[in-house]
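Residue numbers (the working numbering), protein chains in the order written: chain A, 97 to 570; chain B, 97 to 570.
Please keep in mind that the hints were generated in silico from the structure rather than gathered at the bench. Cβ atoms here follow ideal geometry from the backbone N, Cα and C, with glycine treated the same way. Among the clues, some could well be false.
[As the list claims (entries may be wrong)] Cross-link-like lysine-lysine pairs, in silico, DSS-like; alpha carbons within 25 Å at most:
id	chain 1	residue 1	chain 2	residue 2
1	B	Lys107	A	Lys125
2	B	Lys418	B	Lys357
3	A	Lys428	B	Lys107
4	A	Lys107	B	Lys107
5	A	Lys107	B	Lys125
6	A	Lys428	A	Lys357
[Said to hold, decoys possible] What the simulated footprint calls covered on chain B by chain A, stretch by stretch (three residues with Cβ under 8 Å from a Cβ of chain A suffice, anywhere in the stretch; the number is not a length):
id	stretch
7	131 to 143
8	184 to 194
9	370 to 379
10	394 to 408
11	483 to 493
12	504 to 512
13	558 to 566
[What the hints assert, rightly or not] Across the chosen pairs, the derived CB separations fall in these ranges:
id	chain 1	residue 1	chain 2	residue 2	range
14	A	Lys418	B	Asp160	47 to 53 Å
15	A	Lys133	B	Gly262	34 to 40 Å
16	A	Asp158	B	Glu512	55 to 61 Å
17	B	Gly510	A	Ala326	34 to 40 Å
18	B	Leu423	A	Pro376	37 to 43 Å
19	B	Leu328	A	Gln480	39 to 45 Å
20	B	Asp307	A	Ala326	19 to 25 Å
21	A	Ala139	B	Ala325	49 to 55 Å
22	A	Gln430	B	Asp307	39 to 45 Å
23	B	Asp307	A	Lys428	23 to 29 Å
24	B	Ser523	A	Lys418	29 to 35 Å
25	B	Val144	A	Gln480	50 to 56 Å
26	B	Ala567	A	Ser434	24 to 30 Å
27	A	His110	B	Leu423	41 to 47 Å
Letter by letter, the chains look like this.
Protein chains: 2
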Amino acid sequence: MEHMSPGEFRKWGHAVVDWIAVYQQRVEKLPVLSRAKPGEIRASLPPVPPQTGESFEHILADIDRLILPGITHWQSPNFFAFFPSNNSGPSILGDLLSSGLGIQGMLWATSPACTELETHVLDWVVDMLGLPQGFKSAGQGGGVIQDSASSAALCALLAARERATGFQTNERGCDGRLIAYTSTQTHSSVEKAVKIAGLGRNQLRSIEVDDRYAMRADALARQIALDRAAGLQPCFIAATVATTSSNAIDPLPEIGAIARKEGIWLHVDGAMGGTAALCPEFRWIHEGLELADSYCFNPHKWMFTNFDCDCFYVADRAALIKALSILPEYLKNQATESGAVIDYRDWQIPLGRRFRALKLWFVIRHYGVEGLCKHIRRHIELAQQFAVWVRQSSEFELMAPAPLNLVCFAHRDGDEFNRRLLDRINSTGDLYLTHTLLSGRVVLRLCVGQTQTELRHVENAWRQIREAATAIRA
Amino acid sequence: MEHMSPGEFRKWGHAVVDWIAVYQQRVEKLPVLSRAKPGEIRASLPPVPPQTGESFEHILADIDRLILPGITHWQSPNFFAFFPSNNSGPSILGDLLSSGLGIQGMLWATSPACTELETHVLDWVVDMLGLPQGFKSAGQGGGVIQDSASSAALCALLAARERATGFQTNERGCDGRLIAYTSTQTHSSVEKAVKIAGLGRNQLRSIEVDDRYAMRADALARQIALDRAAGLQPCFIAATVATTSSNAIDPLPEIGAIARKEGIWLHVDGAMGGTAALCPEFRWIHEGLELADSYCFNPHKWMFTNFDCDCFYVADRAALIKALSILPEYLKNQATESGAVIDYRDWQIPLGRRFRALKLWFVIRHYGVEGLCKHIRRHIELAQQFAVWVRQSSEFELMAPAPLNLVCFAHRDGDEFNRRLLDRINSTGDLYLTHTLLSGRVVLRLCVGQTQTELRHVENAWRQIREAATAIRA
Chain A
97 MEHMSPGEFR KWGHAVVDWI AVYQQRVEKL PVLSRAKPGE IRASLPPVPP QTGESFEHIL
157 ADIDRLILPG ITHWQSPNFF AFFPSNNSGP SILGDLLSSG LGIQGMLWAT SPACTELETH
217 VLDWVVDMLG LPQGFKSAGQ GGGVIQDSAS SAALCALLAA RERATGFQTN ERGCDGRLIA
277 YTSTQTHSSV EKAVKIAGLG RNQLRSIEVD DRYAMRADAL ARQIALDRAA GLQPCFIAAT
337 VATTSSNAID PLPEIGAIAR KEGIWLHVDG AMGGTAALCP EFRWIHEGLE LADSYCFNPH
397 KWMFTNFDCD CFYVADRAAL IKALSILPEY LKNQATESGA VIDYRDWQIP LGRRFRALKL
457 WFVIRHYGVE GLCKHIRRHI ELAQQFAVWV RQSSEFELMA PAPLNLVCFA HRDGDEFNRR
517 LLDRINSTGD LYLTHTLLSG RVVLRLCVGQ TQTELRHVEN AWRQIREAAT AIRA
Chain B
97 MEHMSPGEFR KWGHAVVDWI AVYQQRVEKL PVLSRAKPGE IRASLPPVPP QTGESFEHIL
157 ADIDRLILPG ITHWQSPNFF AFFPSNNSGP SILGDLLSSG LGIQGMLWAT SPACTELETH
217 VLDWVVDMLG LPQGFKSAGQ GGGVIQDSAS SAALCALLAA RERATGFQTN ERGCDGRLIA
277 YTSTQTHSSV EKAVKIAGLG RNQLRSIEVD DRYAMRADAL ARQIALDRAA GLQPCFIAAT
337 VATTSSNAID PLPEIGAIAR KEGIWLHVDG AMGGTAALCP EFRWIHEGLE LADSYCFNPH
397 KWMFTNFDCD CFYVADRAAL IKALSILPEY LKNQATESGA VIDYRDWQIP LGRRFRALKL
457 WFVIRHYGVE GLCKHIRRHI ELAQQFAVWV RQSSEFELMA PAPLNLVCFA HRDGDEFNRR
517 LLDRINSTGD LYLTHTLLSG RVVLRLCVGQ TQTELRHVEN AWRQIREAAT AIRA
């Protein structure tokens, strides 16, 4: 089979675009959570690959026939599970251009526009969210797009590890003395990073939280003192702006003061919640962020930019670069040697990198800062409306503060009832929620953040939840 | 600004597809290496983001106006630098569908088709390349798509680290006794992984190579014995099937025998070279691979699948999963608990994951196994033709064996001449080569692997190289 000609690409490209446009319209009617059984999708696929090429018409038809039954529709306006992973037309098209250009951005020299647009747009985002100016590239800091907040946390931890040891851990390996701090509510990616980086889980302290599920700064300070007294070396604190479980917001001013006083790297994970700072009235969530060494949030969660796009900032880019840099002969070039350029290879785990700034640039330009703010504000309003309904209900109760777009709630009939309720709701296909545990109790989570979610979807969710509860009690 | 409507998406989607189709036709005429100066692209961008939304027409026009001058055209048929990063129509469209569906594949439950298609296609690829059956998911092994060979090497190292220490390094951290082995020619990503994983660069042994730049198995065995005698714990060997510098192929049967005897994890990096095994006559490159614990190669380099798509295989998936697994409450679900499904979250560093199997599936189906083999064979023929010209020339010489699609060569007038030659060639914009050092000498690399590269492009490259040499001597 020959390469697809530009003419064929045009024809089939239009067909795929049309398929997506239709999908955007019908996704609301599809069962949100896939009903496929384990192994069912595989069983429908041919056991061996085709020896000769197939027509694109046939390939595309299989998306409906074989793939859609196994899709959980993250773009459905009835998707309220986990965190959102929303997308948008301009983002999809920016990503399409990235695929079509097919360049590598590992070095400035391998496509200057890839590096410079990324630096530029990430500087824009600092102002859009009112982040500390120290994260901008004009000073000692800078931003980079990572694939995920997990990778951002790992990079932050590595920079922290190296800074704490005079960049000697890269040479000599971990020595068992380095200690990292999270709260009991911190995302699991930090525990994963601590294992990957060779510190070991035993060197990770889970600091207790207050009744709002936010890290207790006094407990953090106490633990650091204990560790220092034991001859250990505190090197990394991970705080969270809106935890995954319940959107708890760790007290950055207090934690930051401790980090500064103790000389410990403070990383702040704003994976979903950070986006709220587009709206001036929610910028308080980042109060104290100027004390942080690094920060990340994910436009691929709640800013209409399809995965992957995590914006990761450091206040001192030299520490990050020194922790991650390698320079084999075959990557040497005049631009790198001049010192006048950024080579993003040294800001991340992988070497290769895609032109991801295009989609973020397209999103910001399509919506404008005000447009983005308007949509985010609307999502928060919808979640707050839902919280009001829960609060007013006699059957249900709020299980945590709901500062942003996530509502944690439960039926008053207890854990077993709530588990049955969740299964029943999700089995309808009409909406999809997930759960967490808070203070040992089973809690349902409703997170508003999909591009197409409107009031009627949240109203419908609330109605279905109540009807399911009634049916179980009957 | 409102969300882009399905109708607008259709209109602008067609426009972007058409832009890419035109790009595919004109890329050959564009200067391969961007001529932008540091800061030039940024200087053309507005200092602040737009407050209100802009028209998509305006956004798209800026691709030509602002971005293209800063692009180094990896898809040009005159791109012979580094390794290829080729793409194709079916791949771009598979990736477009992935963006449009916008699902997360972190768990089986979050879209069963994403996981099952990936497992299925990676099993196909085992047969397509004639890889060991032990890498298939039906037994103890399995495949997963990573973003890059760098991440695959890191995951392999982490599994090796944990297996060697009874999965205790995850708990207690590195202890300074673990040793890893590469050759002096191994890709820098392994050194980076050794640092990230907390072993430390001092614990990485660079084994000397033979006159073909392949790892010397006898030297490896000697070094392992020395380390054991010193009370250290050898845990990881990284071998390469076609090194980045020169396409050297490490002797897997000998290295594998040592790894088995010593109980050391053997990872084999076939990032570019592995694709050659599509053709039965090149399967010898993988001889001995059945002795490896893990293997990767990159369809995003030389198999017409746009970045990112690295196929990573392990012979014992349990070791990998145990090394990388985390399970917070909010990710628990019945399918995971049943044990009947794969959750790829535990096979990689990040949590989130894109539906990358779609593009690989599209590529395999569009070309068929025979079609892919035909194009790869043709690339190798072109490189071999170039090697013949070099060999027959009195001015140039081959600097390493050229078993596949990369030719390392140099002008006989020495290092300084070759550096000037490279600069002169690349400044024309008519082609792009990069260099390496072999045995301390400056060597030019010509790598054939772009989708549209034909005989006439390689002929033109050879003509231009000779003319540039003549001009410098004059």
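Evaluated hints:
1. Simply put, lysine 107(B) and lysine 125(A) have alpha-carbon atoms about 24 Å apart, close enough for the 25 Å limit, and the pair holds.
2. Annotation: proposed proximity of lysine 418(B) to lysine 357(B) holds, straight-line Cα distance about 24 Å (limit 25 Å).
3. For the hint pairing lysine 428(A) with lysine 107(B), the CA-to-CA distance comes to about 43 Å; that exceeds 25 Å, so the pair is violated.
4. Annotation: proposed proximity of lysine 107(A) to lysine 107(B) holds, straight-line Cα distance about 14 Å (limit 25 Å).
5. A C-alpha spacing of about 24 Å is found between lysine 107(A) and lysine 125(B), which places the hinted pair at or below 25 Å, so the restraint holds.
6. Between lysine 428(A) and lysine 357(A), the direct Cα distance comes to roughly 40 Å. Violation of the 25 Å bound is thereby established for this hinted pair.
7. For the stretch 131 to 143 of chain B, the stated coverage by chain A holds: 7 residues have a C-beta nearer than 8 Å to a C-beta of that chain, and at least 3 were required.
8. Under a criterion of three residues with beta carbons nearer than 8 Å to beta carbons of chain A, the stated coverage of the stretch 184 to 194 of chain B is upheld, 9 such residues being counted.
9. Against chain A, the stretch 370 to 379 of chain B contributes 0 residues with a C-beta closer than 8 Å to a partner C-beta. That does not satisfy the three-residue criterion, and the hint is violated.
10. Coverage of the stretch 394 to 408 of chain B by chain A holds [criterion: at least 3 residues with CB-CB distance below 8 Å; count 5].
11. Closer than 8 Å: that is the beta-carbon criterion, and the stretch 483 to 493 of chain B has 0 residues meeting it against chain A, so the requirement of 3 is violated.
12. Coverage of the stretch 504 to 512 of chain B by chain A is violated in this model, with 0 residues showing a Cβ closer than 8 Å to a Cβ of that chain against a need of three.
13. For the stretch 558 to 566 of chain B, the stated coverage by chain A is violated: 0 residues have a C-beta nearer than 8 Å to a C-beta of that chain, whereas at least 3 were required.
14. At about 38 Å, the CB distance of lysine 418(A) to aspartate 160(B) disagrees with the hint of 47 to 53 Å.
15. Distance hint check: the CB atoms of lysine 133(A) and glycine 262(B) are about 36 Å apart, consistent with the given range 34 to 40 Å.
16. Restraint check, aspartate 158(A) to glutamate 512(B): a C-beta distance of roughly 57 Å satisfies the suggested window 55 to 61 Å.
17. Here the CB-CB span from glycine 510(B) to alanine 326(A) is close to 60 Å, at odds with the stated 34 to 40 Å.
18. Evaluation of the 37 to 43 Å hint for leucine 423(B) and proline 376(A) yields a pass: the beta carbon distance comes to about 38 Å.
19. Under the hint 39 to 45 Å, the C-beta atoms of leucine 328(B) and glutamine 480(A), about 59 Å apart, miss the expected range.
20. Between aspartate 307(B) and alanine 326(A) the C-beta distance comes to about 54 Å, which lies outside the given range of 19 to 25 Å.
21. A C-beta distance of roughly 53 Å is found between alanine 139(A) and alanine 325(B), which places it inside the suggested range of 49 to 55 Å.
22. Our hint of 39 to 45 Å for glutamine 430(A) and aspartate 307(B) is violated, since their Cβ atoms are close to 31 Å apart.
23. The hinted window of 23 to 29 Å between aspartate 307(B) and lysine 428(A) holds, with their beta carbons roughly 24 Å apart.
24. The hinted window of 29 to 35 Å between serine 523(B) and lysine 418(A) holds, with their beta carbons roughly 32 Å apart.
25. A hinted range of 50 to 56 Å for the beta carbons of valine 144(B) and glutamine 480(A) is inconsistent with their spacing of about 31 Å.
26. Distance hint for alanine 567(B) and serine 434(A): a CB-CB separation of about 26 Å, consistent with the stated range 24 to 30 Å.
27. Separated by about 43 Å at the C-beta atoms, histidine 110(A) and leucine 423(B) satisfy the suggested range of 41 to 47 Å.
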